[in-house]
Amino acid sequence: LAKTTQPISMDSYEGQEVNITCSHNNIATNDYITWYQQFPSQGPRFIIQGYKTKVTNEVASLFIPADRKSSTLSLPRVSLSDTAVYYCLVGDEYSGGGADGLTFGKGTHLIIQP
Amino acid sequence: EADIYQTPRYLVIGTGKKITLECSQTMGHDKMYWYQQDPGMELHLIHYSYGVNSTEKGDLSSESTVSRIRTEHFPLTLESARPSHTSQYLCASSEYGGSNNYGYTFGSGTRLTVV
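Chains B and V supply the protein sequences, listed in that same order.
Each residue of the first sequence is one higher than the one before, starting from 1 at the first, in my numbering.
Each residue of the second sequence is one higher than the one before, starting from 1001 at the first, in my numbering.
Think of the hints as simulated: they come from the structure by calculation, not from any bench.
Note that this is a predicted model, so its numbers are computed, not measured.
All residues carry an ideal CB built from backbone N, CA and C; glycine is no exception.
Check before you lean on any hint, since a few could be wrong.
[Said to hold, decoys possible] Derived DEER-like restraints, expressed as beta-carbon distance ranges:
# : chain 1 : residue 1 : chain 2 : residue 2 : range
1 : V       : His1073   : B       : Glu14     : 16 to 24 Å
2 : B       : Lys52     : V       : Tyr1050   : 26 to 34 Å
3 : V       : His1073   : B       : Asp67     : 40 to 48 Å
[Said to hold, decoys possible] Think about it this way: if two alpha-carbon atoms lie no more than 30 Å apart in a straight line, the pair counts; the simulated DSS-like pairs of lysine-lysine are:
# : chain 1 : residue 1 : chain 2 : residue 2
4 : V       : Lys1017   : V       : Lys1057
5 : B       : Lys106    : B       : Lys3
6 : V       : Lys1017   : B       : Lys3
7 : B       : Lys3      : B       : Lys52
8 : B       : Lys3      : B       : Lys69
9 : V       : Lys1057   : B       : Lys106
[Said to hold, decoys possible] Here are a few chain V residues that sit away from chain B, every Cβ distance over 10 Å (derived from the structure):
#  : residue
10 : Thr1020
11 : Met1027
12 : Arg1068
13 : Glu1079
Whenever a hint applies, use it, and build me the whole structure from the sequences.
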């Protein structure tokens, strides 16, 4: 499975756009990029998934350059409730995570201030 | 509306007791997983299953055991609880292959405290 690297923590303010970048240099041809959000004492929640270029849903946008070695999760106009841990994961529908489950890593602790 | 259910939500139990954490999903997913997570720390995979009668150990060694007799049910059992088992246990499920959206669905977790 491709290893991912993302910042340990980020701070921002309400109303700002937040971009969290994830590096995945060893991404395989069949791999998708998926982002999850986790609040304290809850399970991670699927946010968005993409393969290449740009994907947008009601929650976020995901930007993936042509070489797919990185991806950026964009959260528009964040609020205090967006304070959470964000995980970037890479894998295909069979690795979903692989033979043995996705590796979540440490994620990015996003703190939104008033 | 949750499609994967974990019970109990919180559990405080004495050392040496046997406990079973329940996990059920209504999505017909073949793959199910158990993760263990301490506060502020990473999720660690402890068990997974490809389907009925399939169980495998994950990356993190665990003294717990699991069973998969029905597709929708994936309980986790600790035969003799110890304080070192205190943690949050998260159950998840996913489709296996054939879909562009292979995302995991997680339950709300069971916060276990062994005293």
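Indices of hints not satisfied (ascending): 1 and 6
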